[in-house]
Structure formats: structure tokens, C-alpha cells
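**Q** Given chain P, put chain X in place with the hints provided.
There are 2 protein chains.
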Amino acid sequence: MEITFADRCKDLKPSAIRELFKKISVEGAITFSAGSPSPLSFPVEEFATIAADIFKNDSTNALQYSVTEGYPKLRKQISERLKERFYVGADYDDLIITTGGQQAIDLTAKALCNEGDVVICENPSFIGALNAFRAYNLKLVGVDMDDDGINVEKLEKALKENKNVKLIYLIPTFQNPTGITMPLKKRKAVLELAQKYNVFILEDDPYVELRFTGVPEPEIKSLDTDGRVIYCGSFSKILSAGMRLGYLCAHKDIVNKAIVLKQVCDTHTNILSQMLASRFMEEYNLDAHIKQIKDLYRSRCSLMLYCINQCFPDCVKHTIPEGGMFIWATLPEGYDAAEFAKKAMEHKIAIVSGATFLADPNQKSNAFRLNFSTPSDEDIVEGIKRLGDLLKEELK
Amino acid sequence: MEITFADRCKDLKPSAIRELFKKISVEGAITFSAGSPSPLSFPVEEFATIAADIFKNDSTNALQYSVTEGYPKLRKQISERLKERFYVGADYDDLIITTGGQQAIDLTAKALCNEGDVVICENPSFIGALNAFRAYNLKLVGVDMDDDGINVEKLEKALKENKNVKLIYLIPTFQNPTGITMPLKKRKAVLELAQKYNVFILEDDPYVELRFTGVPEPEIKSLDTDGRVIYCGSFSKILSAGMRLGYLCAHKDIVNKAIVLKQVCDTHTNILSQMLASRFMEEYNLDAHIKQIKDLYRSRCSLMLYCINQCFPDCVKHTIPEGGMFIWATLPEGYDAAEFAKKAMEHKIAIVSGATFLADPNQKSNAFRLNFSTPSDEDIVEGIKRLGDLLKEELK
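For the record, the sequence lines run as chains P and X.
The C-terminal position of the first sequence is numbered 396 in my numbering, with every residue numbered one higher than the one before it.
The C-terminal position of the second sequence is numbered 396 in my numbering, with every residue numbered one higher than the one before it.
The following block holds chain P by itself, in its conformation from the complex (with noise of 0.2 angstroms):
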């Protein structure tokens, strides 16, 4: 039979990175193009440790169905580690475990936006977010950014002129795909033109705890003083991101609309790998441990930076990001960045072109994203090395 989808996805393509990625662990390329933590991140003896034991003495609870909102545990634990040390979640807030960060933003989206509605976000952004919303058929406006973030007044134009806008997706800290952080003076700009517009903001913080140079910014949710901040962040980049682990932390209406959502959409989040986060937080120590990624992604970052600037022509820019997991690479204006990466993959090195993270797919980029948490110091030094190689020829 003739198949017609709905008219909410039927434009709707998969994700050119997850795509790219099945290529290239075809390939054997060298892959700049991750978006993923290093395995070395991964306490797999700590976990080996509390499977056992669960399955030994609390096997049912692993294995049976269990609440939506979340092992309550966890939820607890979580709730006080934002609190404690982001100064995340007021009185009115509540807490849904996900599945993923990116099932936050699914259902942040499914519970608030009607078809039609604008949502404006970062432009560049975290491609999943964006496709997560074009699945609920709304409008995306990008709003570019400057060194720090989002330019304010184009910001402040878009929430002007746009009608029905119903949410700001923004990523301020370790932004994904650029690496930049938003200074808290910003953040407080952001929220006052939140405010202002009577608009959502939708704050994305899966690296907020991968800082591994300069001062904390505080979050813009821990400014939020009536419930317009929506928060959410992840296990992905700290514990495992194939558990797939994430949180939704919002004014509790929004939580209880999740948690009905979340129902119909995957009943409750695999309940093992929530038991396995509670235990690892509650008998080892979540802070020595993510202090290793973060001197890992140090020294990773460092090293990029290094042969970046030996090896990349001047006139190609770049950011310094002080944590998270990329840098971003800027061309001369007039580059098309998608044709310098499919060169690039010619020579068996993975990076993504820019366009991929625009709100308006149909955009060119003159930019392209660096990944630098997984590859290998080899790999960094050679990938950067026969990239230099490729841009100075390109650049000629």
C-alpha cells in the first residue's frame, strides 16, 4: 500500500553525524566527528561490581516495571547534587528521570509546543535538539552567536518579530557544536528578554561538569525566580552514555506533564542502568571520577589546540573551549565547510561540516566541528597534522 507519513516528519531526515558515524566505523577513518565520551569514562569495574550485587540481592526491582518519574532514589540524589552544586531547582521545581538527555527535550517539546509554534535556538546547535523539534513540526529561528554565545540583540529582534514563540533551546555552557560558554552576563540578558517576551528558555547542560579549565558560570536555571527555566542534563558524558540516563528538572507542572508523556512514550527508563547510577553516586565517588575525564579531556584539549596552531593556517579561527567535548573551526568567509569535510573524509578524517547544526539546513557553513574526547593523542596529532595539510592547500 501507498505509505503517507505525517506531515510533522515527512521532511524529516536522520541525523547526518549518526549517519556519518555508521560510515565510518566502516572505514577505519580518523574520527573528529564524535560526539561521544571517551570509553575511558566508563567506571565498567564499579559497575561490574554493583550488577552483581543487584542481581544477586535486588534482582526484581532491576528487572520489574517500575515508575515513570524515576528510581526515587536517583531522583533524590540528583535533585540534591543540582542543587548543591548548581544551585538548580527552587521550590517549585520537580525532577523526571529520562531516557537521555535527549528524551528531556523530546518531551519538553511534546508537552509545550503546539504545531507551528517558534522555537528559537543557538545558531549552530545540537542537531538532536533541532530535529527534535522539527518532529513536533515547529519553526526553528537560529539566532547567531558571537565569541560568547548568542548575540543578544539579534535575539531580542527574533523574539520581536517572530509570533507564537514558545521556547529559547539554548546550550550556554561547553555549547555544542562551537565549545563556548556564555558569561553570567549574558545568561542574565537571556533570561530578562525570557522574561520580557513571557517565553521559555529550554537550558541543554550535558557538559556542565566537564570543566576542565577557568571559572564556573552559574546556571541560567539557577537564576530562574519563576519557573521559566527548563532544565536538562545527562549521564551521557559523565557515567555512559549507552545507559542512556538523563533528567528533566522543571517547575513541577511541567514535570507532572512529562512524567504523563513519558508514560506513552516508553513507559519508565530501563530501571537497571538508573539503579547502577544511584549505587556508583551513593558507594564511590562521582567527583574523583569525573575529575579523571576532565583531566583526560585537558590534556586531549590542549593537545588539538597545540597542533591546531601549528599546523591550521592563521586565517582559519577557532575556539578555546574550557570544558566539554569540541572545539569549533571557522573558515574564511565564502568556504563551504561541507565540501572541506567531504575532502577531508577522502582522506580518512572524520569532521562535520557546519551547516549540519543550522537551524535553516539548507544554509552553507563556513565552519566545522572538532571533536577532541575521543580520539586518541596519535590520532589527534596525525588527524590535525593531515588537516593542516588539506586546509593550507585548500586555503592556497
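Hints in this document: simulated from the structure, not taken from any laboratory.
A quick note: this is a predicted structure, and the numbers were derived from the prediction, not measured.
Some hints could be false.
The list cannot tell twin chains apart, which means a pair is met if one copy fits it or any two copies do.
To be verified - Here are the simulated DMTMM-like cross-link-like pairs (lysine to aspartate or glutamate), alpha carbons at most 20 angstroms apart as the crow flies:
(1) 342 x 192
(2) 343 x 253
(3) 252 x 2
(4) 396 x 11
(5) 186 x 394
(6) 56 x 45
(7) 385 x 11
(8) 10 x 117
(9) 385 x 346
(10) 83 x 45
**A** Just chain X, lined up with the frame of chain P:
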């Protein structure tokens, strides 16, 4: 700030059953209200052994991001099992692993149905599916059931009278909540109607492996000739419900769209669980494991039926399931089972009243659902006796 939810979910309520679930765990009642498998069905020791080996020898695969469509080996194993045992899966079909059977339903609705489209369902039907459809603002049309499943004349009437019918949602085998299995003749008739009116069938088949008596009926999907039947299944009733492992087998164009949509819902399904299921199927005897579950359920169902016959007044009718987890009891016309369920709860017996499962939640029902997979033999004997006493009092 004032929170306005999207139209699709502003009136959506949590599943009454899951709310009841929370209440019961507090109050220590005898529980015939569950939709859960027996914890005895979980292969705890086998999982412990496999998990230990995965953490030792394959930890990166188990904890890193993975592909959206599912762990390749498990996809293959499920596809083969579906084909060999149930003749499910044609050349034009493909399969995606989902975060429980619930997500397979959610993705089908998201992929195919525009807001306002009509979904026809059995009346009563599985509340989780009905709410998944409601969460896309779909219109539910319930079609009454006969003793052998959906009434075909009324189904045709519903197909004729409603515009924009997109799919017929059915649980043809050991239906939830009635326990009824549709005979082949009716399956064929339903498929012919779907062809005649050019709509999809979503065949939800989580209980198929749990036939403990009688002769199997072919899955509707096995009769499919043109990609009209979308089939979903689950590991929840045969390995673990808390793992959240299900799958969708459908025309490959639909599966491809489901993959794109799943990518933005939760990226992929928890990969450790997929590996546990895959290795269990490879290294242990799934059929022997399922046989143990069936033996248990046969025995519990028989006991419950025996007790019902002993204790319930004759005017209370009930189904005699050949598998699955549920018996459906019907009071004489005019009685409100919701009132009776409330009274039963006062006597610490939890049952789910029929209205919960109706397409129109404001309609009343004189029936209620009894689950036999979770209560112990002692609880079955004691609980059914108490229910019988209450019924006699109520109906005298």
C-alpha cells in the same frame, strides 16, 4: 509564569493503573490489578553471568552510544525468531528495536498520524496505547468486542462513518484487558476490511509467547501482503519488563521513518539490555525459559478460574483465556464496576475497573480486569474468595 500546555496533551491524564500501582505498594493490598509479569519469569542468574562477562570483555560496546535501529545481532535474532515461529516479516519488512513495546506504538502514531486523525481500537483496549494516541491529539473510536474479539460489523460501520481513519489498533492474542484471542476467520475479515478501507493495522502482540493452552492462531502480520500490517512485540513478558525492550516490524519505509523519529526521542535503546537479551537468546534456551513461565501462568490461571467458579455468583461472567495474563469479569448490566473496584479496594483487593480501558473515558463499564501473573496462589485463593463475598453482597 503561567504555563500553557500543548493542545495535544493539555487534558491527558496519567494512567489510572499506574497511579493505582503506587497506591497499592503503600497499602499492602492483594493485587489483581497489575499488568506486570511474575518476577519468577526473570532469568536473574543467567543475566548475572552474562552481565559479568559483558563488563569484562565487551564493556565499551555496552556503555557507549550505539545505533538507533538497535544492536545488530539482536535485530537479526528477533527477525529470525519472528519469521520462523510466527511467519512474521516479509521481504519488504524491516525491524527496529524500541524502548519497550510502548515506544513501538508511540513511534507508529508519531510517524503516521496527523492531529485529528482517527484510530479505531477494540473497546476495551490497552490504556497505554490509547493514551499514546491521545498524546498526538488523535480521535479514538472504540469498537465493541464479542466473545471472540472485535465485532466485525461494527468495525466496518466505524470505518465507513469516520473520515481520516489512519489505523486500526488491535491486540488479537490474549488481549489486554479481556484475555480474548481472535480466531483466524476474524483476523482475515479484519485484514480484508483494512484493505477495503485502505487503513493500517497496528498489531500489538506482547503476549503471543504466553500461550499455555489451545491452538495458536496465525498473527495478522503473517497474513499481510502489502505492508499494511505494523507489528510490535516485547521482551517485557518473557525476559524483563524493567529493561524496556520491544520492537517494531513493519514495511521498511515505516521502519526507516521510525528510526529517524526514535533518534530524536531517545537516540537509541539502552544497549546493555539489548546485549543481555541477545546473549541470553544465543547462550541459553529461550523456549525452555518461556515454557517455565507458561507452566506458571497456566497453573495460576487455572487456580483463579477454579476459585472464580467456586466463589463468584453465576451472574458474573468471565473470559477463559488460553494465554497471557488477564481474565475479564463482567457484572450484570447496569452495575458500575468502578464503584465495585472502589469497594474492593476498601477490602484491600486491587482490581482495575473496565472504564479505564475504554476509548471514551467518560463511559461506564460493568466489567473489571483480573491479573493472574503476579499474585501468589495464596493471594489468588484468598483474594477471589473476598471478591466473591463482596460480589454476592453487591448483587443480592
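**Q** Next, verify each hint and record whether it holds.
**A** Right, here's what the structure says about each hint:
When the C-alpha separation of residue 342 and residue 192 is checked against a cutoff of 20 angstroms, the pair qualifies neither within a copy, at 42 angstroms, nor between copies, at 50 angstroms. For a Cα distance limit of 20 angstroms, the shortest separation of residue 343 from residue 253 qualifies neither inside one copy, at 50 angstroms, nor across copies, at 31 angstroms. In this assembly of identical chains, the alpha carbons of residue 252 and residue 2 lie at most 20 angstroms apart only when taken from different copies (12 angstroms versus 43 angstroms within one copy). Taking CA atoms no more than 20 angstroms apart as the test, residue 396 paired with residue 11 passes in neither setting, with 39 angstroms inside one copy and 62 angstroms between copies.
Proximity of residue 186 and residue 394 under a CA criterion of 20 angstroms is satisfied in neither setting, with 36 angstroms inside one chain copy and 67 angstroms between copies. For a Cα distance limit of 20 angstroms, the shortest separation of residue 56 from residue 45 qualifies both inside one copy, at 17 angstroms, and across copies, at 8 angstroms. For the identical chains of this complex, residue 385 and residue 11 are neighbours neither inside a copy (38 angstroms) nor across copies (58 angstroms), given an alpha-carbon limit of 20 angstroms. Within a single copy, residue 10 and residue 117 get their C-alpha atoms as close as 18 angstroms, and across copies as close as 16 angstroms, so both meet the 20 angstroms cut-off.
With identical chains, the CA atoms of residue 385 and residue 346 are at most 20 angstroms apart within one copy only, with a shortest distance of 15 angstroms there and 74 angstroms across copies. In this assembly of identical chains, the alpha carbons of residue 83 and residue 45 never lie at most 20 angstroms apart, being 29 angstroms within a copy and 39 angstroms across copies at closest.
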